[in-house]
Each structure stands twice: as C-alpha cells, then as structure tokens.
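Chemist: Single-letter residue listing:
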Amino acid sequence: MSMHKLLIFAVLLALAVGSSGAFAQGPNLGKPIGPAEIAAWDISILPDGTGLPPGSGTSAQGASVYAQKCFMCHGENAKGGTNAALVGGGPITGMESVKTVANFWPYATTVFDYIRRAMPWQQPRTLTNDEVYALTAYILALNKLIAENDPMNAQTLPKVRMPNRDGFIIRFPDKL
Amino acid sequence: MQSKRSKSGWLEPEVVAGNGLLDRRAFLRGGAAAAGAMMGYTFVGSAAAEPLADDPWSKVPGGISPPYEQRSRYEEKVARTLSNPKGEPRTQHARTPHHLINGTFTPNGLHFTIVHAGTPDIDPDKHRLLIHGLVKRPLVFTLDALHRYPMVSRMSFVECGGNSAPFFSKEPIQASVQALHGLVSCAEWTGVRLSTLLEETGIDPKAKWFIAEGADAPALSRSVPMTKALDDAMVALYQNGERIMPGNGYPMRLLLPGWEGNMNVKFLRRIQLTDAPAMSYYEARTYAPVLPNGKAYQFYFLQEVKSFITHPSPGLTLKGPGFYEISGVAYSGNGRISKVMVSADGGQSWAQTALQEPVPSKAFTRFRTPWRWDNNPAVLQSHAWDEAGNVQPTRAQIVAVRGETTKVPPVTGFPSQHYNGITTWAIERNGEVKHVYA
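Residue numbers (the numbering used here), protein chains in the order written: chain A, 31 to 206; chain B, 1225 to 1662.
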C-alpha cells in the first residue's frame, strides 16, 4: 500500500471513529433528513438490485408505453430513429462497433436506472415505477435477453445476465 | 545563455535543436543582449515604421465603466464552437478556442461545457445538496450553509474523457486546436472539501464508493471511489473568483482534480455513499473505450499526462520567416508537469521549454520556447513529463494498444476516448499550419 493510500485510510478511520461521537467541531449547518424526505431523490440502482422500488411490468405493457412515449425518438420497434436503436447490435470488435444495450451494457439494472432518471428525454422522471419496469422488460425481451412473458421487478431484474458482463478490464485498479 | 556574434554583428541566441529551436532562456533572461539579438533579426530588411499620430479615441473621454465588464467589441470572434446550437435532443458541446487565448486560466465564458439535456436554470436559494447512504446521519445543505464552511481554492483542469478523440482517426483530420483539443479547460475553483462535509455526516466503514448526481434533467450520475472523496474532491462554488457559470454546474459542482470531466458532476444535488458502484449509464456504457480485442476499459478515471502546442497551430499562419514563440499547455491528472520538450523537426531533435511559474498540480502549465523559422517546412511537436515519472506517449504508442478507425470519422465524433498522445503540426513554406501524424 502506498503512503498516499495509507494516509487516506487513516483519515477514513479517524472519520469513522470520530463521527460516532460528537459532531461539534465543524459549522454543523447541515439539516438532518429522514428516508421519507429523501425518497423522491433516492433513485440510484446498484447492480445487485439495491434501490429497486416496488412494482412490476411486462414486455406487452412496455410496448404500449413505448408507442406513446419513446417511439418518436427511438423509432418503430425500438430499431432507432433520430436517437439510438434500443434493440440489436453486432459483435463488439473495436472502437467502431456501435454499443447497444444487448451487445455492451454489463448490467440490466442500468436499463431501469437510466430510463427512470433520464427518459423520456424531454420529460424525465414522469414515468411510474410500473412503467419503467415494463419498458425495461420490453427492451430486454426485444433483445431476447428475457422471455416474452417474464415480468421485471425488484427480484427478477438483478438476475438477468447480460451477454457482455465480463467484457471489461479495469483500467487503473489501484485507483479503486 | 550561450550566444555568438552573427555576421551582422548582433548577438544571436544558441540554436539548441533542429530547424531553429533556440535556448529557452533567450527570452526569459530579458537582458539587453538577448533583446538585441531578437530585435536585430527582425530589423534586417524591414522598412522604417510610419510616423505616429493620436487616434480619435485618444482625443475624447472614453465610455462609462459598466457594472460587469465585457470584453472589447474587437474580440467577439474569440468564441466557443457549438456542436448542437439549436438544442436538438442530443448532447451539446462547446469547445475552448485554445489558439485565440493565452496564459493558463480559461476565461469563464470560454470554458468548455458539455450538457446531455441542456443547461438547467437553477434558483440557488432552492438548490439543495443531500449527503446520504452509508453515513452516520444524512444531511442536507443549502448554498448559504455551505458558504459558512472553511473553503479552499485550487487550480484544476477539467477534461472530457472524449477530448482529442479525432486523433483516433486513421488519417489526420484538418481542424483547429479548438476542434481537436477544445474539450479541456483550466480554472481556479473555490469551494468546500467533500471530506469536510463528510466529517459531519460521518462515514460508515462499509462505504467504498459514492454516487454523485446532478439536478439537471437527466439527473446525470457517476460513481467515484471513496479514496478520491477523502483525497482532493471538492464541492466547488466559485470558478475563477465568480460563482460557477451555468454551463459549468451553477450553483455547485463536484470537482475531482485530474479525473475524467464527466465525473465532475455539475449542478450537484446528491451524494450517496455505497459499498459498490452504481454502474450508471455513463460509467457502464459511455466512458468505457473499446479495445481492438472487443474488451473495453472500465473505470478509466485518470486524465493522463498530455501537452499540445497552441501557438502556432492550424489557422495561425506564420507571417514570414523570423522569430516566433512556440507555446502551449501541458497538464497531468497525476500531479505537476516536470518537463516539456519541443521539436521542430518531427521528433528527431528536442529542445527543453521554459515552464511558466507557478507549476500547479493537476492544472495547466504553459510552456514556451523561442524559435527562429527559416521559411522551410518544419514539423512541430511537444512532449510532456509529470512529476510521477509518467511520459506523454506518441500517437503510434497509443494506437498500438487502442487501435484506430478504418474510416475517417467526423471531427465532432468520439470513436474512442482518453487520447493523451503527441500532437504534430506541419509548417508549410507559405506559413500555413497543418495537422499531420508523424
């Protein structure tokens, strides 16, 4: 372990120990806040499913939401329009290969996380959790990553194995 | 400085490398001999200057000082170039015109910006910063509250992971340094260390990462190792002394000195400590450059040691033979720049450049060196080293590992990311500067 890392560990330890006691030293101007007040912003999903909300949706339900809210940019059957195709993708063989959900994304949870936080592009965070699960199921089923009738929810989504899961090399392991 | 007397009798600075590169100390010393040598050369054959007279603006009182100064109306061409000026549903990039500015700080109006769904118009009084997750107690901060915390200032470059992507093109794309390297800028940032705020929330020892999220439409989020949080991460509130520009994250942004631009989350509203990365869109998909074997780098994070010449560069045509200052910027996400060498003969011989003091860590350092152009074709390159011993690679070294395109991509495209290799400018006989590979 480098000196630098040792130092950071020492700080970590001091913070962990120190913070169990008083918080009196600093300005102390942050307001304590509870889970209910945080909920609307608490939208990050981890690959193990941490953060996934209650709710469920199927590909068939997703198809009708898609037709209303996504079709105009991502095209018919999600084959691409003015914005990216959400289905298909050839093998990744180099920098000119087009990255898609199916050929590149390592975790299915990212599909839920990204649609919920960022789509539809002009009206983000207007979809219900059921709609996001349904759209996620629609995209995964179109790509044959799940069966047509598999519902997506907090239990099933983290179990979806993405084809490119092991396609990555950590660039600087010592920075993690 | 070593000098010798030329035939005309002027003292001439020593040529230290091929094609007329001069000793870097020639200008720095600034002594009479050096100045004489410089001027002596340009005097040869030049006609006498015209008589001087007062211009109209010198003979009337001038304008009123405005509350917020604008630059001279003669400078309006010094501007960023926009990739999506109509705000269509896709990313917008605004690139810094490095060839039209000088020094080491990027003026706030010219700092590069990238937004994925427009720039939000945030009311600072309503903005909140939440810190939660694996902490002892979640806290929410107003901007007013953050202003009462101890602050720090530091210079730091911010560079998009996709800056310089045109260098992956199989053939050199003819474009300005702004188009090729315009997604990096440098500013002085002032704010509160993230570790100062974490002292008050406390840290659960299980926390290994934090997720940073913005208040923009796509709620852009990135995962960052906790080691960076406790090292030099900052919640930045000021940019070059004034509040952060809207496009750079008003009213607050995460600053991770030396790390990939996209991770320096703008419009920062939420920090969640976690035991694992979120694998958000931008880390799982976008900033994962693909290698020739089909595997992709994950968690690149670092912006590695790099330099490029801004003067001269494409568009800045040399006006006849004589003295020029070659200058550019060098920077490294690993620390300070220790040395920059410049070549005028395509890398056959190198001259050490003068580094402008101070040389800050993880920020722009301007290098300068005097050059006497003899009107023959020349090939300019710069090559940087950092204090950690990292050396800027050649383009060939990068391409050998990372590959290159089979077709020439558009100059605004991003075939791959994290290019920190050498840039080469060819000077043609007529003084035009071309982008070439060497």
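Be aware that one or more of the hints could be misleading.
Rough simulated footprint, nothing fancy, chain B against chain A, three-plus residues with beta-carbon under 8 Å [as the list claims (entries may be wrong)]:
no., segment
1, 73-86
2, 94-107
3, 175-183
4, 190-200
Footprint (simulated), chain A over chain B, 3 or more residues, beta carbon under 8 Å [said to hold, decoys possible]:
no., segment
5, 1434-1441
6, 1463-1475
7, 1495-1509
8, 1612-1623
9, 1626-1637
10, 1650-1660
Hints listed in this document are in silico derivations from the structure and should not be mistaken for laboratory results. Quantities reported herein were computed from a predicted structural model and do not represent experimental measurements. Ideal placement from N, C-alpha and C gives every residue a C-beta, glycine not left out.
Chemist: State for each hint whether it applies.
Modeler: Going down the list of hints, with the structure as the test:
1. 73-86: holds (count 7)
2. 94-107: violated (count 1)
3. 175-183: violated (count 0)
4. 190-200: holds (count 4)
5. 1434-1441: With 3 residues closer than 8 Å to chain A, the segment 1434-1441 of chain B meets the three-residue bar; holds.
6. 1463-1475: violated (count 0)
7. 1495-1509: holds (count 10)
8. 1612-1623: Check failed, 0 qualifying residues.
9. 1626-1637: With 6 residues in contact (Cβ-Cβ under 8 Å with chain A), the coverage given for the segment 1626-1637 of chain B holds.
10. 1650-1660: Result for this restraint: violated, n = 0.
Against the hints set out earlier in the document, violations occur for numbers 2, 3, 6, 8 and 10.
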